[in-house]
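**Student:** Can you make the complete structure from the sequences, with help from the hints?
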Amino acid sequence: MECIRLDSSINSGFIDQVARESEQDPYLCYQCGNCTAGCPNNFVYDIPVHRIMRLLQAGQKETILGSHSIWLCATCESCTTRCPNNIDVARIMDVLRHMARREGYVTEKRVKQFNDSFLHSVQKHGRVFELGTVMRFVARTGRFWTDVELGPKVLARGKMATRAHNIQGKEQVSKIINRFLGDERK
Amino acid sequence: MSSELTYAYYPGCSGLSTSLDYERSTRAVCSALGMTLKDIPDWSCCGSTPAHTVDHVLSAALSARNLALAESMGVQSVLTPCPSCLTNLKVAGHRMEKDDFKKEVNALLDHPCANSLTTKSVLQALVQDVGMDKIAERVRKPLKGIKVAPYYGCLMNRPPEVMDFDDPENPVSMDRILQALGADVLDFPLKVECCGGSFGVARKDVVVHLSGKLLGLARDMGADAVVTACPLCQMNLDLRQSQINAHLKETFNLPVFYYTQLAGVALGLDPDHLLLKKLVVKPWKVLHKIQEPEAAAV
Ligand code: SF4
Ligand code: SF4
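Going line by line, the protein sequences match chains A and B. Residue 1 is where the first sequence starts when you use the numbering used here, and the numbers rise one by one after that. Residue 1 is where the second sequence starts when you use the numbering used here, and the numbers rise one by one after that.
These are calculated hints, taken from the structure and not from any lab test. Errors might be hidden in some of the hints.
Dumping the calculated EDC-like pairs for lysine to aspartate or glutamate here, alpha-carbon to alpha-carbon at most 20 Å [claimed, not checked]: (1) B:Lys98 - A:Glu21; (2) A:Lys112 - B:Asp205; (3) A:Lys175 - B:Asp42; (4) A:Lys175 - B:Asp110; (5) B:Lys144 - B:Asp184; (6) B:Lys103 - A:Asp116; (7) B:Lys38 - B:Glu4; (8) B:Lys204 - A:Asp116; (9) B:Lys98 - A:Glu108; (10) B:Lys213 - B:Glu169; (11) B:Lys103 - A:Glu23; (12) B:Lys103 - A:Asp183; (13) B:Lys102 - A:Glu108; (14) B:Lys204 - A:Asp46; (15) B:Lys147 - B:Asp187; (16) A:Lys170 - B:Asp184; (17) A:Lys170 - B:Asp42; (18) B:Lys102 - A:Glu2; (19) B:Lys98 - A:Asp88; (20) A:Lys175 - B:Glu104; (21) B:Lys98 - A:Glu23; (22) A:Lys124 - B:Asp110; (23) B:Lys204 - A:Glu108; (24) B:Lys98 - B:Glu161.
**Tutor:** What follows is the structure, encoded as structure tokens:
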């Protein structure tokens, strides 16, 4: 484990910003490790979630926003449910992702791309068009869909609509997203 | 009395495609139990996980458009079968209790949301509004002789402050329903563990590992089938079961039902309305076991 020089690398603005956006107090964490113990995705994390919390207390912005963990969090709410100090840890993980996104730290491009494809579909049709989402994802990532063997199973059972469901109010939905994008959210 | 069982219904996008079977069987069961589901007119996507990983106000606004539409329907509650939609709708309502947040959300909407309705899962309405007695009374073909592992997934009951129903670590509502239907319900310890959720496309390794664990334990406990209440869980466990087998060199062959499908069977509803043929792992052997209770008892 590398050493952290707190005198030179602590970013208190970062701590405050995370606290404000998540409405949580990171200093309440006393490192019991309950969150990590129940985290289903710990096995693919580069930094376990209790350590993210500790690094947050130490204002380690670069390390946290540059981690894979924040993109691989499944938002399963296990950490939030089990934290003895009632910290909404999953919400902090969400906020860290929001910040990483805004500031251009993307360590799991495919995860981000999938989410983007999903929202693009919502913006366009008002409801998500699953097949379209997957096809856009394939086009954007340049990877042929690794689930191709599932195709026949899906199609034979009519499990994926082959046409988008456009709703009447799709403009309204599109406007929600556009207004959001036009907003400078801090 | 009947007006109490009238709800604004939010099917969720997957109900139109990947979980059509959940959608149809939910409607069939609710109708058989005297519930009236009125679709929210022109409902839109709640944004699912992607939206809240981008921004909380955006996510709440995508949900609030639907809550606002439901407000004009003259009902008390919004009902949804999907835990992911449920989380988004409920979190949106919960956060909009703060005026500042509500203002930010409404600034993104054409029509403001007053946040005047409660949202609940179909599961919650079945337990609290319909009640176990009425469900048990209505059973025509008890699910005798099959062992099932009830699997709730991570979101249905968590976090407890927001979801406000059942137990976040050991929920029992689906267990109780399945028991009332006559099934032998296993005490499944992984009932709230994550299946890998929406990582199926981007990080299949995650889903294979997590869903593989769930299937492994269910099989080792002697389950004939897994029963879910979540479209994403069902897809990961059923559609991806062959992928999981290939990656883990396993031979799982466990049908993964929606609880509403099994409820429909027990209530004696028309099988065509339950879309059992949509299940990827064939359920016929298990269903056959129900029909012949003597054979199953051996
Ligand atoms: S469970 Fe809470 S207090 Fe314990 S390490 Fe995690 S965040 Fe800190
Ligand atoms: S919400 Fe994320 S960090 Fe928390 S336990 Fe689940 S996967 Fe781990």
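**Student:** Give a verdict on every hint.
**Tutor:** Hints and how they fare:
no.	hint	result
1	B:Lys98 - A:Glu21	14 Å, holds
2	A:Lys112 - B:Asp205	17 Å, holds
3	A:Lys175 - B:Asp42	16 Å, holds
4	A:Lys175 - B:Asp110	8 Å, holds
5	B:Lys144 - B:Asp184	7 Å, holds
6	B:Lys103 - A:Asp116	26 Å, violated
7	B:Lys38 - B:Glu4	13 Å, holds
8	B:Lys204 - A:Asp116	18 Å, holds
9	B:Lys98 - A:Glu108	33 Å, violated
10	B:Lys213 - B:Glu169	18 Å, holds
11	B:Lys103 - A:Glu23	17 Å, holds
12	B:Lys103 - A:Asp183	14 Å, holds
13	B:Lys102 - A:Glu108	32 Å, violated
14	B:Lys204 - A:Asp46	18 Å, holds
15	B:Lys147 - B:Asp187	10 Å, holds
16	A:Lys170 - B:Asp184	46 Å, violated
17	A:Lys170 - B:Asp42	9 Å, holds
18	B:Lys102 - A:Glu2	43 Å, violated
19	B:Lys98 - A:Asp88	17 Å, holds
20	A:Lys175 - B:Glu104	14 Å, holds
21	B:Lys98 - A:Glu23	12 Å, holds
22	A:Lys124 - B:Asp110	17 Å, holds
23	B:Lys204 - A:Glu108	13 Å, holds
24	B:Lys98 - B:Glu161	15 Å, holds
Violated hints, listed in ascending order, are 6, 9, 13, 16 and 18; each of the other numbered hints is respected by the structure.
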